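Asks: One letter stands for each residue in the lines below.
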Amino acid sequence: MEYSKWAFWPGCVSKGAAPELYLATNRVAKELGIELVELDQATCTGAGVIQEQNPEMADALNARTFALAQQLGLPLMNICSTCQGIESMVQDKLTKRPEYLAKVNAILADEGLHYTPGLVIKNFLWLLVEDFGLDRLKKMVTRPLTGLRVGPFYGCYILRPSSILGKEEHPDRDHYLEMVIEAVGATVVDYEGSKKCCGFPILTINRENSLTQAGNHIHEAQDLGADALVSPCPLCHLNLDAQQPAAKQVTGHDIDLPIIHLPQLIGLAIGVPPKEMRMDHHVVSTKKLLEKLAAAPVRA
Amino acid sequence: MKVKLKVKRTNPETGQSGYSNYEIEAAENVTALDALIQVREYEDGSLALRCSCRSAICGSCSMRIDGQARLACRAKVLALTRGDENHEMVVEPMGNMPVIKDLVNDMDSFWSKMRQVDPFLQPEGPEPVAEYRVPNETMIDLTHTMNCIMCGACVSDCTVLEVDRNFIAPAALAKAYRVVADPRDGHEHDRLEKLSEYGGIWDCTRCNMCVEVCPKGVAPMNRILQLREMALENGIKNNAGARHTNIFTKSIEDGGRLNEVWMLPGSVGMFNLPRILKEMPGALKMARAGKLPFAQAIPPGFPGSHKMKGMDRVRNVVRKAASLKPKKPEVTG
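Line order of the protein sequences matches chains G and Z.
So the first sequence is numbered by our numbering: it starts at 1 and just counts up by one.
So the second sequence is numbered by our numbering: it starts at 1 and just counts up by one.
Please keep in mind that the hints were generated in silico from the structure rather than gathered at the bench.
Here the structure is a predicted model, which is why all the values come from computation and not from measurement.
Glycine included, each C-beta is placed from N, C-alpha and C at the ideal position.
Warning: the hint list may mix true and false statements.
[What the hints assert, rightly or not] Negatives, chain Z to chain G, calculated, CB over 10 Å:
hint : residue
1    : K2
2    : Q16
3    : Y42
4    : A56
5    : G59
6    : K76
7    : D84
8    : N86
9    : E131
10   : R133
11   : D203
12   : R257
13   : P299
14   : G304
15   : K328
[What the hints assert, rightly or not] Once the Cα atoms are required to be at most 20 Å apart in a straight line, the calculated DMTMM-like pairs of lysine to aspartate or glutamate come out as:
hint : chain 1 : residue 1 : chain 2 : residue 2
16   : G       : K96       : G       : D172
17   : G       : K248      : Z       : E162
18   : Z       : K76       : G       : D172
19   : Z       : K320      : G       : E169
Put together the whole structure using the sequences plus the hints.
Replies: Structural data, given as structure tokens:
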């Protein structure tokens with residue numbers, strides 16, 4: 001079943017250090033006719049960090065988010081690979097352990113909430129391919145990104161562990177970014193780092209390692225002629241964009257590569273003005289990218 | 001069925017490497033190892049690879065197939081190619097370890113990391129009269145890790161080891177969990193202290209790569225997370241990793257969403273000025289791009305800190321979630 005109306009969990013970063021993602025998501029969803037109902041009382045998924053000391057707290061908070069979506073009778077959309085992975089993990093655990101789920105539900109009952117396994121949870125990337133459809137997207141493309149070379153950057157948790165990420169039903173999920181890049185008329189840059197770690201989770205713990213990871217991936221893609229990287233994960237965006245100058249310093253690689261959010265890529269192709277997606281608010285300037293695009297022909 | 005292979009070759013004398021292409025006719029149910037052995041027997045006797053049991057027990061035949069470390073004996077060609085006979089399977093030696101020849105790695109660093117965690121039980125105190133008793137639940141939990149066949153797949157694809165040779169890496173850290181979490185060992189605290197140092201449990205980025213490639217369900221990263229939880233329970237908190245998880249959790253308990261601004265000082269230490277100064281140029285660049293969330297200016301836990309709507313309900317869930325914690329199994333008898 002394909003859905004056109006979703007409960008929307010924006011995550012922490014789109015409400016904090018990456019406001020352009022929040023803006024672009026809402027703008028593009030509106031343009032695509034995807035209705036979003038924001039869950040303004042849902043909490044952080046824990047991002048795997050709370051899980052280091054209190055997995056039960058993270059389970060309960062995520063179950064609460066699921067229940068909030070179910071209260072609206074809607075499937076749940078996120079815009080973060082990490083959110084997707086954690087939500088899938090918790091969902092898997094609660095489904096496999098009904099006794100544990102019953103205890104979690106007893107806590108949620110205090111505010112009249114209840115989670116029943118089976119909620120559809122999708123990152124915007126999955127929704128775009130599986131529910132909206134790439135053929136439909138192609139028909140909406142007014143400004144094909146012809147000539148633009150774009151490298152995919154997935155973010156670990158939307159890829160791994162594959163056993164809990166619905167790959168049996170949707171075996172191509174690990175190729176969706178490439179499919180989307182092609183659907184909007186751009187050329188895929190195939191590089192090794194696209195499915196590796198951006199290093200963000202250890203930025204404050206081991207800065208050198210974290211920035212070396214980010215710097216290496218950017219350098220590899222840039223070396224292969226990429227004009228930009230696109231990611232469905234704002235955490236990756238933080239390390240690849242906001243930390244890029246620092247990564248340049250640590251690795252010594254001469255890097256200068258715009259990093260764009262997935263909704264921004266879609267927005268560009270369907271004619272949303274870059275300013276309305278705050279593309280002038282990145283740390284690494286998107287100017288060169290937009291100039292290259294402006295020089296390309298527009299489809300009438 | 002036609003099988004196409006593109007195999008990375010390394011000449012041990014010159015150190016030079018390149019790819020050899022092979023195309024063979026094979027039965028539908030072959031594994032990548034079957035195909036490679038067929039190549040060695042009938043096409044090219046100079047191809048070097050390691051294998052022994054062919055049943056995913058010995059751990060000898062780890063190699064990268066289509067970009068991911070796998071046991072060649074467990075990798076069905078048909079599943080990898082999805083039935084596309086023109087799919088060219090790329091076979092390479094494991095990563096993160098030097099290559100001796102073709103698909104054969106030098107695993108010295110793997111074993112030295114394993115030795116680094118003292119991978120054997122060291123009991124303390126008087127010996128029991130009869131035998132050591134371990135609760136069933138504990139033993140079941142440890143069997144995850146005991147399934148490790150030391151094939152090296154997780155080490156091959158570890159994304160941290162790729163940038164830092166000093167990282168103890170997943171296999172040895174999973175082994176460390178196996179001894180730390182065993183109640184017969186008497187050095188839990190010392191071990192956890194050592195594991196909390198640079199190169200240890202807090203250096204893992206939690207990228208799930210080891211979980212993905214492990215052929216035996218050891219899920220090393222999950223064992224690393226368990227070690228982190230144990231280290232915190234043991235009061236080993238004077239390091240950036242422990243501080244990071246504490247400020248993160250506190251931030252969610254306080255405001256529901258992450259306070260990103262205070263993550264750095266909260267992790268590196270509020271008074272670690274040299275480290276904080278290092279981030280200043282980056283912070284200024286973010287501020288210029290309008291990416292510093294000023295709503296988060298007040299640290300979590302202080303009056304006026306940023307909070308989501310309905311935090312009283314969130315706090316109720318947090319408080320009650322403590323009751324979900326599993327009880328520690330007790331040693332009896």
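Asks: All the hints need checking, so say for each whether the structure fits it.
Replies: Outcome of the hint check:
1. The claim that Z/K2 is not at the interface with chain G holds, since no C-beta of that chain comes within 10 Å of its own (minimum 22 Å).
2. Every Cβ of chain G is farther than 10 Å from the Cβ of Z/Q16; the closest lies at roughly 21 Å, confirming the non-interface assignment.
3. Distance check on Z/Y42: its Cβ is at least 32 Å (rounded) from any Cβ of chain G, clearing the 10 Å threshold; non-interface status holds.
4. With 10 Å as the threshold on Cβ separation, the claim that Z/A56 sits away from chain G holds: the shortest Cβ distance comes to roughly 17 Å.
5. Every CB of chain G lies more than 10 Å from the CB of Z/G59, the least distance being 20 Å, so the non-interface label holds.
6. Z/K76, annotated as away from the interface, keeps every beta carbon of chain G farther than 10 Å; the closest lies near 15 Å.
7. Chain G leaves Z/D84 outside its interface by the beta-carbon criterion, the shortest separation being 13 Å against a cut-off of 10 Å.
8. In this structure Z/N86 is separated from chain G by more than 10 Å, as the shortest Cβ-Cβ distance comes to about 17 Å.
9. Non-interface call for Z/E131 relative to chain G: holds, since the shortest CB-CB distance, roughly 32 Å, exceeds 10 Å.
10. Consistency note on Z/R133: stated as away from chain G, and its beta-carbon is indeed over 10 Å from all of that chain's, at 27 Å minimum.
11. Distance check on Z/D203: its Cβ comes as close as 5 Å (rounded) to a Cβ of chain G, failing to clear the 10 Å threshold; non-interface status is violated.
12. Not every CB of chain G lies more than 10 Å from the CB of Z/R257, the least distance being 5 Å, so the non-interface label is violated.
13. Under the 10 Å C-beta cut-off, the non-interface status given to Z/P299 relative to chain G holds; the minimum distance is some 14 Å.
14. Interface exclusion of Z/G304 from chain G stands, the closest Cβ pair being 17 Å apart, more than 10 Å.
15. Its beta-carbon lying about 14 Å from the closest one in chain G, Z/K328 satisfies the requirement of being farther than 10 Å from that chain.
16. As the CA atoms of G/K96 and G/D172 are separated by approximately 25 Å, the hinted pair breaks the 20 Å bound.
17. Using a Cα cut-off of 20 Å, the hinted pair G/K248 and Z/E162 holds, with the two alpha carbons roughly 18 Å apart.
18. Restraint check for Z/K76 and G/D172: the C-alpha separation of about 18 Å stays at or below 20 Å, so the hint holds.
19. Proposed proximity of Z/K320 and G/E169 is contradicted: the alpha carbons are some 36 Å apart, above 20 Å.
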